[in-house]
Amino acid sequence: EAGPPRGTFELTYYWVSAEADFADGAAATLYQPGCAALATVRATFASSLDVEGTGRLLDGRLINVDGTCGCPRSPCYVEAPADHPWGTGVQDRALVPYRSIAVDRTVIPYGTPLWIAELDGVAVPGDAPWGGFTHDGCVLAADTGGGIVGPHVDWFVGLRASYRTLDAALGLDEVTIHDGGARCPGGAR
Numbered sequence: 001e002a003g004p005p006r007g008t009f010e011l012t013y014y015w016v017s018a019e020a021d022f023a024d025g026a027a028a029t030l031y032q033p034g035c036a037a038l039a040t041v042r043a044t045f046a047s048s049l050d051v052e053g054t055g056r057l058l059d060g061r062l063i064n065v066d067g068t069c070g071c072p073r074s075p076c077y078v079e080a081p082a083d084h085p086w087g088t089g090v091q092d093r094a095l096v097p098y099r100s101i102a103v104d105r106t107v108i109p110y111g112t113p114l115w116i117a118e119l120d121g122v123a124v125p126g127d128a129p130w131g132g133f134t135h136d137g138c139v140l141a142a143d144t145g146g147g148i149v150g151p152h153v154d155w156f157v158g159l160r161a162s163y164r165t166l167d168a169a170l171g172l173d174e175v176t177i178h179d180g181g182a183r184c185p186g187g188a189r
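So that you can map any letter, position 108 of the sequence shown is 108 in the working numbering, and since no number is skipped, the others follow by simple counting.
You may find that some hints are simply not true.
What follows is a list of derived Cβ distance ranges for each label pair [unchecked claim]:
#1 G70 with D120: 41 to 49 Å
#2 P81 with L170: 43 to 51 Å
#3 G25 with P109: 35 to 43 Å
#4 A20 with A82: 17 to 25 Å
#5 D179 with Q91: 12 to 20 Å
#6 D127 with C69: 35 to 43 Å
#7 A37 with E1: 49 to 57 Å
Hints were generated in silico from the structure; no laboratory data involved. By construction, the Cβ of each residue, glycine as well, lies at the ideal position given by its N, Cα and C atoms.
Work out the full structure, taking the sequences as your base and the hints as a guide.
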């Protein structure tokens, strides 16, 4: 049984931005904390990375936003640790496709297991273990973002192609959120 309802929330999606998807435009330098250059990329990719928070560079490195910094370009980025193959959310939580959501922590505390009614029974795209299963509606409040304010959740779907598939199939702008309760005792499973 799911826990008590939290209400109706705006739904958006996010994913790992891929440098390979951005071939044109001026160059931009991404910085590490301390202002050492991390990579030189297309400015269009850098802008996408600023929004998504996680990106895959052409050389295969996965980088994650580390917060604002006083470098020539902010935010700063760090390489994601190997045990976070999809990037890092808040409180050093590994992002998990289809299981992590970004929240406004003043509305939903980080680490809260949740059940989203509209996701229960949805076939998610991709291959195991990161996709190719029927969703049970269980997610975890594992991330945040500058645009996530009030009753708004951002669903991490791993890849932009997954977003396109799910958005076309579901057409959801809003979802109904409940505390996870006994249905989702540890959050996403």
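Hints and how they fare:
Between G70 and D120 the beta carbons are some 45 Å apart, a value that agrees with the proposed interval 41 to 49 Å. Checked against the given bound of 43 to 51 Å, the beta carbons of P81 and L170, roughly 32 Å apart, lie outside it. Between G25 and P109 the CB atoms are about 39 Å apart, so this pair conforms to the stated range of 35 to 43 Å. Checked against the given bound of 17 to 25 Å, the beta carbons of A20 and A82, roughly 21 Å apart, stay inside it.
Judged by the Cβ atoms, the range 12 to 20 Å given for D179 and Q91 holds: they are separated by roughly 19 Å. Hint check: D127 to C69, Cβ distance near 36 Å, so the stated range 35 to 43 Å holds. Restraint check, A37 to E1: a C-beta distance of roughly 52 Å satisfies the suggested window 49 to 57 Å.
The structure shown violates just one earlier hint, number 2.
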